[in-house]
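Engineer: Sequence:
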Amino acid sequence: MTVTPNSTDRMQSILVVVATIATIVFNALAGTGRLNGVMTNVVSDKYPTVLTPAGYAFSIWGLIYFGLIAFTIYQLLPSKLARLRSVRLLYVVSCVFNCAWLYAWHSYAIGICVILLFALLATLAVINIKLKTAQSARDALFTKAPFGIYFGWVTAASIVNFVIYLRSIDVQMSASAWNTLGCIFITAALLAAIIVRVKLRNFLYPLAVAWAATGIAIEQQGNTAIILACAICVIFCLVLSISFVMDLKSTNA
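Residue numbers for the sequence shown follow the working numbering, so the first one is 23 and each next one is one higher.
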């Protein structure tokens, strides 16, 4: 049954455009040190952890924002005004959490950052659930793909942010205890990748997790336990992602 778009759909589609532009501008200001006069990486460098990834890993944000721009344009299409109404306000909320997290991060409010990032994670989870079934390959490309990558990266970022918070409040643990905690969290990220791949059939989520794990392994050179955990995570995530071929075969059968 075809659902007819209404004036609310049109207004919300414009709101999505505004939210996307505002988020990208806000992130650009943060990335150039114009937000509270602090560079984003300076805060992270202040609290080194066993899960902090190499700097290059954060370049995934460029891909994420490219995907969100594509989604923003796609949802403006007349045929998508009604189809995507269930995720528009959620997307706007995710943009608010994104910007709020950046402001808190650049204010060294690490505890608040954890709350905001997990709120963003929950919002992205709901968006991905609503986008579970794509009506076409084009739908999958412009909706499931960008939010799958975004969701996967924020999952990893939330874990890292939490460990940074523990360091910021000066939690005292031995090196082996930190490594154990790190391995537990890496395993949790892998389990999340398995669940999302199986339940939501999104093969890009595991790729984002694998990207984060690779960045962590490169940054933590010499830490055998963390590198091994990351290697296992990457291998399993790549297998999960490649398994989308089986989905194609089952669809064509």
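Warning: the hint list may mix true and false statements.
Computed Cβ-Cβ distance ranges for the label pairs, DEER-style [what the hints assert, rightly or not]: (1) S196 with G84: 30 to 40 angstroms; (2) T202 with V39: 37 to 47 angstroms; (3) A76 with A144: 26 to 36 angstroms; (4) L99 with Q243: 41 to 51 angstroms.
Straight-line distance between alpha carbons at most 25 angstroms, and here's what the computed BS3-like set of lysine-lysine pairs gives [unchecked claim]: (5) K221 with K154; (6) K68 with K102; (7) K154 with K102; (8) K68 with K152.
It should be emphasised that the hints constitute simulated quantities derived from the structure, not laboratory data.
Here the structure is a predicted model, which is why all the values come from computation and not from measurement.
All C-beta atoms, glycine included, are put in the ideal place defined by N, C-alpha and C.
Engineer: Indicate, hint by hint, whether the structure satisfies it.
Structural biologist: For each hint, the structure was consulted:
1. S196 with G84: 30 to 40 angstroms: Since the Cβ atoms of S196 and G84 sit about 38 angstroms apart, the hinted range of 30 to 40 angstroms holds.
2. T202 with V39: 37 to 47 angstroms: At roughly 46 angstroms between Cβ atoms, V39 and T202 fall inside 37 to 47 angstroms, so the hint holds.
3. A76 with A144: 26 to 36 angstroms: holds, 27 angstroms
4. L99 with Q243: 41 to 51 angstroms: Holds: the Cβ-Cβ distance is about 47 angstroms, inside 41 to 51 angstroms.
5. K221 with K154: Holds: K221 and K154 sit about 9 angstroms apart, inside 25 angstroms.
6. K68 with K102: violated, 45 angstroms
7. K154 with K102: Holds, at roughly 16 angstroms.
8. K68 with K152: violated, 38 angstroms
Checked against the numbered hints listed earlier, the structure breaks hints 6, 8; every other hint is satisfied.
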